[in-house]
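Keeping their order, the protein sequence lines are chains G and P.
Residue 336 in the numbering used here sits at position 188 of the first sequence, with consecutive numbering throughout.
Residue 238 in the numbering used here sits at position 90 of the second sequence, with consecutive numbering throughout.
Hints should not be assumed to be uniformly reliable.
If chains are identical, the list can't say which one is meant, so a pair holds when it fits in one copy or spans any two.
Stated by the list, open to error - The calculated lysine to any residue pairs, modelled on SDA-like cross-linking and capped at a C-alpha distance of 20 Å, are:
id	residue 1	residue 2
1	K220	T340
2	K226	T267
3	K364	V376
4	K364	T305
5	K379	T366
6	K220	A210
7	K226	L306
8	K379	P368
9	K364	P289
10	K220	A232
11	K364	E292
12	K364	V291
13	K364	A288
Hints listed in this document are in silico derivations from the structure and should not be mistaken for laboratory results.
On a predicted model such as this, the values are computed, not experimentally measured, just so you know.
Number of protein chains: 2
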Amino acid sequence: MNVAIIVAAGQGTRAGGRGDGSGGGRAKQFRELVGEPVIIHTLRRFEQSAMIGEVFAVGPAAQSSALLQLLKQYQIRKVARVVAGGATRTESVWRGLQAVRSTTAEIVAVHDGVRPFVTPDEIDETVRAAQAHGAAILAAPIVETIKEINNGRVARTLEREGLRRALTPQCFRYELLRRAYETALSENLTATDDSALVERLGIPVAIVEGHPRNIKITRPEDFALAEVLLKEFAD
Amino acid sequence: MNVAIIVAAGQGTRAGGRGDGSGGGRAKQFRELVGEPVIIHTLRRFEQSAMIGEVFAVGPAAQSSALLQLLKQYQIRKVARVVAGGATRTESVWRGLQAVRSTTAEIVAVHDGVRPFVTPDEIDETVRAAQAHGAAILAAPIVETIKEINNGRVARTLEREGLRRALTPQCFRYELLRRAYETALSENLTATDDSALVERLGIPVAIVEGHPRNIKITRPEDFALAEVLLKEFAD
Numbered sequence: 149m150n151v152a153i154i155v156a157a158g159q160g161t162r163a164g165g166r167g168d169g170s171g172g173g174r175a176k177q178f179r180e181l182v183g184e185p186v187i188i189h190t191l192r193r194f195e196q197s198a199m200i201g202e203v204f205a206v207g208p209a210a211q212s213s214a215l216l217q218l219l220k221q222y223q224i225r226k227v228a229r230v231v232a233g234g235a236t237r238t239e240s241v242w243r244g245l246q247a248v249r250s251t252t253a254e255i256v257a258v259h260d261g262v263r264p265f266v267t268p269d270e271i272d273e274t275v276r277a278a279q280a281h282g283a284a285i286l287a288a289p290i291v292e293t294i295k296e297i298n299n300g301r302v303a304r305t306l307e308r309e310g311l312r313r314a315l316t317p318q319c320f321r322y323e324l325l326r327r328a329y330e331t332a333l334s335e336n337l338t339a340t341d342d343s344a345l346v347e348r349l350g351i352p353v354a355i356v357e358g359h360p361r362n363i364k365i366t367r368p369e370d371f372a373l374a375e376v377l378l379k380e381f382a383d
Numbered sequence: 149m150n151v152a153i154i155v156a157a158g159q160g161t162r163a164g165g166r167g168d169g170s171g172g173g174r175a176k177q178f179r180e181l182v183g184e185p186v187i188i189h190t191l192r193r194f195e196q197s198a199m200i201g202e203v204f205a206v207g208p209a210a211q212s213s214a215l216l217q218l219l220k221q222y223q224i225r226k227v228a229r230v231v232a233g234g235a236t237r238t239e240s241v242w243r244g245l246q247a248v249r250s251t252t253a254e255i256v257a258v259h260d261g262v263r264p265f266v267t268p269d270e271i272d273e274t275v276r277a278a279q280a281h282g283a284a285i286l287a288a289p290i291v292e293t294i295k296e297i298n299n300g301r302v303a304r305t306l307e308r309e310g311l312r313r314a315l316t317p318q319c320f321r322y323e324l325l326r327r328a329y330e331t332a333l334s335e336n337l338t339a340t341d342d343s344a345l346v347e348r349l350g351i352p353v354a355i356v357e358g359h360p361r362n363i364k365i366t367r368p369e370d371f372a373l374a375e376v377l378l379k380e381f382a383d
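My request is simple: use the sequences and hints to build the entire structure.
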């Protein structure tokens, strides 16, 4: 079975949250977007995915019962387990991975809980690419000009055709992701995405072209943009 | 004297405009943001700059009188000339450059008309860096993970600490920018920013760290984000 680990354990401090679920200071994954919490929008995409059989939702440790309550309220049915997250994203994914049944897991899709704009088709296509290649990530083109810098000066302008912004989901064969995390944890490595940990093992990672709309809601102003995108999305 | 070329000659088709100034189909630089056209917000930043003496506003050829009217209506005083733009950004900047008096121009700051969130301090700091080094651009850190791709696979994850998103203004000694454009035009080169044309001459370009808020308003959803940023900006 293919499974998804949805990482939503952040304290949301950058978006003004306090991570304790109180009042307006809620962590960003629990804040409402057009009347529903962000994490619920995200989970619905995985409910609609044909390829994902089970979801492991990794939330803040102190919010497990609140998250369970939300799943019930919004009738999210694919979540097999709510997992208490750790202090870092790496630790949270690792805890999610330990909750997955190793005997039946085929592909594991890791996805940011604050990326509600992924489509079920994008999820399914990335899972299929991981089935074919072992590892695959969703990625979007870059519209800005990117400079490599050195010592406060431009070293060169990169050819943006050859660059992509990494999005999620990032999908891997279970054993591969498990090995990548074990290596990272034993060597105390950190990375800005899961793919980088797998790349370090020398494993080729396939690229699936995704829509740039699949933003990560991080800063307070992202909510305003997200409201607009969500309305457009619904049309 | 230091001068600015504000490039606002786009037809705005990506933001849903028709470029003819009619109704809701206005080119994006003429669309209103919190009650004022985007281009006016941008020009105000240059009005407030201590280092910029004159501004050359490059607009759509068919909109010169409309643009002049706006300058009068909003009491923009630094614009020395409204210049009719060309078919491409390169051509528009080149036309702006030809309007600049070569005998008195020291630094030329090229800025996108649809970047209203630059601050007067950022403009001044970039002009000063160009005075010291010959060429300087405003640039912002990258928050996402960037992958170099090859043949549909990840070639490597780039170290984002060594990367920057190029913003504007991009500031150059007049002769240097003129030479860069003459070379580009004679060799029929295009580039995604002005700095790349100067870099091609082998000239070092200094980096000035700018705020990520300095976005280019390009897509329809950017207007929603821009409204939020502008309200925050005003506080």
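Hints, one by one, checked against the model:
Taking the shortest Cα distances, K220 and T340 never come within 20 Å of each other, neither inside one copy (32 Å) nor across copies (50 Å). Taking CA atoms no more than 20 Å apart as the test, K226 paired with T267 passes inside one copy only; the shortest distance there is 16 Å, against 48 Å between copies. Taking CA atoms no more than 20 Å apart as the test, K364 paired with V376 passes in both settings, with 14 Å inside one copy and 17 Å between copies. Within a single copy, K364 and T305 get their C-alpha atoms only as close as 26 Å, which misses the 20 Å cut-off; across copies the closest is 19 Å, which meets it.
In the homo-oligomer, the alpha carbons of K379 and T366 lie at most 20 Å apart both inside one protomer (19 Å) and across protomers (19 Å), since each shortest distance falls under that limit. In this assembly of identical chains, K220 and A210 lie within 20 Å of each other by CA distance solely inside one copy; the values are 18 Å within and 59 Å between copies. Proximity of K226 and L306 under a CA criterion of 20 Å is satisfied in neither setting, with 42 Å inside one chain copy and 35 Å between copies. For the homomeric pair K379 and P368, the shortest alpha-carbon distances inside one copy (18 Å) and between copies (13 Å) are both at most 20 Å.
For a Cα distance limit of 20 Å, the shortest separation of K364 from P289 qualifies both inside one copy, at 15 Å, and across copies, at 16 Å. Only within a single protomer do K220 and A232 lie at most 20 Å apart by alpha-carbon distance; the minimum there is 18 Å, versus 61 Å between protomers. Taking CA atoms no more than 20 Å apart as the test, K364 paired with E292 passes in both settings, with 18 Å inside one copy and 9 Å between copies. When the C-alpha separation of K364 and V291 is checked against a cutoff of 20 Å, the pair qualifies both within a copy, at 17 Å, and between copies, at 10 Å.
Taking identical chains as interchangeable, the C-alpha atoms of K364 and A288 lie at most 20 Å apart whether they share a chain (13 Å) or sit on different chains (18 Å).
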